[in-house]
Amino acid sequence: MGAVVEAVGWGWRHAGRRAWALRGLDLVIEAGERVLLLGPSGAGKSTLLGAIAGLLAAPESGDDEGRLTVAGRPAEEAHGGAGVVFQDPSSSIVMGRVGDEVAFGLENRSVPAAEIWSRVSAALGAVGLRHPLSHPTGWLSGGEQQRLAIADVVALAPDLWLLDEPTANLDPAGAAMVRDALRELLVASSATLVMVEHRVGPLLDMVDRVVVLEPGAGVMADGAPAEVFARDGAALRAAGIWVPGGAPGRLAPPRPAGRPVVATRALTVAYPGSSRPAVDGVDVTAYAGQVLAVTGSNGSGKTTLALALASLLAPSTGEVRFLAGGPDRPYARWRPRELVKLVGSVFQDPEHQFVAASVEAELAVGPLRSGVAGAEVRRRVGELLDLLALAHVARVNPFTLSGGEKRRLSVACALATDPVLLVLDEPTFAQDLRAWETLVALLADQRDAGRAVVVVTHDDALVRALADRRLELERGKVTGPGARVGTEGSDETAPAR
Amino acid sequence: MMRVVPAPLSGTPLSRFNPAAKLGAAFVVMVGLLVTADLVSASAVLFAEILVLPASGVRMRTLAVRAWPLVLGAAGLAVANVVASGASSAEVAALSLRLVAIALPGVLVFLTTDAVDLADSLVQQARCPARFAYGALAALRLLPLISDDWATIQRARRARGIDAGRSPVAKARLFVSGVYSLLVAAIRRAVRLAAAMDSRGFDSRRPRTCARRQSVTRRDWYLLAAAVVVVGGANALAAAAGSWHPLVG
Amino acid sequence: MDVVVASVIAVTGGVVFWAWDQLWATTAVAFAVFPPAHAVMYGVWLAPGVLGALVIRRPGAALYTELVASVVEALLGNAWGVSVIAYGLAQGFAPELVFAAFAYRSWRLPVSAAAGAAAGLAAAGLDLVYYYGGWQTDWKLAYVAVVTASAAVVAGVGSACLVRALARTGVLQPFAAGRRAPAS
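Residue numbers (my numbering), protein chains in the order written: chain A, 1 to 497; chain B, 1001 to 1249; chain C, 2001 to 2184.
Everything labelled a hint here was simulated from the structure, so no lab data went into it. Take these hints with a grain of salt, some might be off.
[Claimed, not checked] What follows is a list of derived Cβ distance ranges for each label pair:
no.	chain 1	residue 1	chain 2	residue 2	range
1	C	Thr2137	A	Asp63	56 to 62 Å
2	A	Gly233	B	Ser1167	33 to 39 Å
3	B	Asp1148	A	Gly66	40 to 46 Å
4	A	Gly66	B	Ser1010	50 to 56 Å
5	B	Ser1010	A	Arg183	36 to 42 Å
6	B	Arg1061	A	Gly374	55 to 61 Å
7	B	Arg1218	C	Thr2137	37 to 43 Å
8	A	Arg335	B	Ala1151	15 to 21 Å
9	A	Pro74	B	Ser1010	43 to 49 Å
10	A	Glu319	B	Ser1167	28 to 34 Å
11	A	Ala157	B	Ala1151	23 to 29 Å
12	A	Gly138	C	Thr2137	32 to 38 Å
13	B	Lys1171	C	Ser2106	44 to 50 Å
[Unchecked claim] Here's a subset of chain C near chain B, in silico, CB distances under 8 Å, partners left out:
no.	residue
14	Leu2089
15	Leu2109
16	Gly2133
17	Gly2134
18	Thr2137
19	Leu2141
20	Val2144
21	Val2146
22	Ala2149
23	Leu2162
Where is the CB? At the ideal position from N, CA and C, for every residue including glycine.
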């Protein structure tokens, strides 16, 4: 049988964009190969994967050139033939119950009803999901949801597996679960695999070939992993790819604490209708000139804690006190204008925070609301545009920026009012190495300038590079010795107040 | 505070009926009652419904929690009608009672019907095209996430220093800004969901099977027949009592 | 794709109604006591249909979106039974007629406003049959006028402005509605 995927001079431009995502791509993937697609952000990896899956059709979605065939047929006709696992499991799960979800794909294939349920059970068993068939999908953790998505694919038993950053949204435990499930399945099957991932290291044992893409162009490097990284490792790293072993270490030794900026005492936050509090009796203090990393698995309460520290959620019991200025009222009752002067928040999805029609206007919102004069606002906006390399998109609608630019813009907006406290939720999520390094350097500068920085993250590399203190949460409670100095299990514990 | 579709009551006798049949019966009641606006027919149907209520297995407390706006609305309707029309008190009462009589079966149906079963039944019994029913069902699954997005967006506005203060105009503008952001987030989710469904072969061209069979038994036909009989009888009763009159709009 | 996005617009409408209720909690009670007073805000309930049509731009989009929104409302536990669905049908069908009158080719502001107004007319008409049939004529006319105006503004003009703003964000790229907007 011929090649499974064949691209000859293939290129794609998304509708409405001026630049081509990929151009002049020549690639042949044979049956049974296990390929890892790499490239810096914007290199068209997801685009290529989407095209192979048959999800991109000219002319509605964009323009193409050259030829891309899957199993001998044009790619657009192949949809439904490959098994695809997407990055965001919550938006790719279709049904409300685990059993129905796996059955969905089988129903679409006109599998007779009598056969469906046995295949469903087999698929769920193959990925290690032991929930009953009527278990609500909304109750699954991220790692479980992603394994469910894999079960959907397993049930269909396709010849081609396409995985688009399957572990990007997951915490380390969930990611490990997914990788283990994948490993087992791949060993047992002879399917072809094409996978896109940023953080390469843990996956290398599952692939036998690495293909590196270049933005706006085609293949930059292609071959067995060891070869490619040995030969081109430095160039790849410079291009922003997370070359294994290339993860940066600590930038500087842990900093001493400045004055305390925000402190919680026996903080408990419970959402109405849930069985246990999201945050349970947590004591923590954030100090100026230090980075506090809050870590824990999905559902451990990290985001809730961050929201409480930023005065975006009121405590159910206990208190959060802001110690570096501000009005006399309880922290949770500060008016937004007062809050934005002292606290900058960066949410996990930058788009939730955008309110204006251009990047410039967006940056000006905070300062204007906090009462800064017009001329000073303009000056700050100019400064931030330069600092975060956004000057070239100053007039553009924020929603049309690239992922990295949106992230930088959301950080810039938080900095625009010169706050004392910065709270960030998963700022390095799904970023290539260059964007990551830029962001880490920026946050280190903010810390050195005397701000208190609180980062909620499950990115170990970030914690290693930047954190001065680390707080681990598990099911809402602090585990381990509380907020501790350093990240390698140091014995000192910073004073809690 | 998230919107979620409340889990339907399972195990009640009413849960075992075919969803399309239940929906059909409720529609029959609605249409049958809308043709007239008189006290006799409205009360007769309402009386029949109340008689049947215990047999449906729905507890009064559950019903009260769900249906209290209905009662409030019926009372408010009476107020509005008294104020704005020259109708007699019998007519005013008729309209309010009719409101409750039409709504009650529907409330019972949705209390005892699961969304997935409803979708299956619409496809299997009512010949609804699969992509409409399951496309809508998939969107329904996004409801709690979209509801969460709303909360996040409101918090994000607080974090940016934006609030509306006292003025209703400012409140309305902030609301619209929130709706705009929510739509962006929701449409992004929708596009990803559609891609996922597409990649699993959800194609309008291909016939699909269904893993869950919705059966139609004699019981369902009896339900439909009963609905027809009740509204037919109520109308006949009203005609006999001389109070039947179509509401000239 | 169209079906999923239209359904999501409908579901989002459901979230927005609820948020709206929360925002105007005190007024909601007032409206319950004198229901016709909510004629002024009626437009909010009619917006999903028009919005769906403006985004998807295909026959049936308005009807489908408004219908799904009404079914979602019913599933979410509202107290009005299947009449909500009957309203959804009428409130979706009326704008459909307006868009059809323009051969589904014009999606500009005046057409949206007319579609919104048509939805309002349909809803008000149903209200007259359902509830307010016994009213004196001048009350009826006033009611219909207020509802239609509210619908034309909120559901018609409002939806059109919303779609234009959405197009500028690039989120409507997969749809014709998003493509005529300039890239920046």
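When the nearest CB of chain B is found for C/Leu2089, is that gap smaller than 8 Å? Check failed: Cβ of C/Leu2089 comes no nearer than 11 Å to chain B, outside 8 Å.
With respect to the beta-carbon atoms only, verify the hint that A/Glu319 and B/Ser1167 lie 28 to 34 Å apart. holds, 31 Å
Taking 32 to 38 Å as the hint, is the beta-carbon distance of A/Gly138 and C/Thr2137 inside that range? Since A/Gly138 and C/Thr2137 have Cβ atoms about 51 Å apart, the given range 32 to 38 Å is violated.
Looking only at beta-carbon atoms, does the pair A/Arg335, B/Ala1151 fall within the given range of 15 to 21 Å? holds, 19 Å
Mind checking the hinted window 33 to 39 Å against the Cβ distance between A/Gly233 and B/Ser1167? Violated, since A/Gly233 and B/Ser1167 (Cβ atoms, about 60 Å apart) do not stay within the stated range.
Evaluation of the interface hint that places C/Val2144 against chain B, nearest CB under 8 Å: Violated. Min distance 11 Å.
Could you check the hint for me, namely that B/Asp1148 and A/Gly66 are 40 to 46 Å apart, CB to CB? holds, 42 Å
Have a go at the C/Thr2137 hint: is there a Cβ in chain B nearer than 8 Å to its own Cβ? violated, 10 Å
Hey, does the C/Leu2141 contact hint survive, CB to chain B under 8 Å? violated, 12 Å
Interface hint outcome for C/Val2146 [beta carbon to chain B under 8 Å]: The hint is violated - C/Val2146 has no Cβ within 8 Å of chain B, the shortest such distance being about 13 Å.
Assuming the hint says 44 to 50 Å, is it satisfied by the Cβ distance from B/Lys1171 to C/Ser2106 or not? violated, 34 Å
Range agreement (Cβ of A/Arg183 with Cβ of B/Ser1010, hint 36 to 42 Å): Given range 36 to 42 Å: holds, Cβ gap about 39 Å.
The structure fails to meet hints 2, 7, 11, 12, 13, 14, 15, 18, 19, 20, 21 and 22 from the earlier list, while all remaining hints are met.
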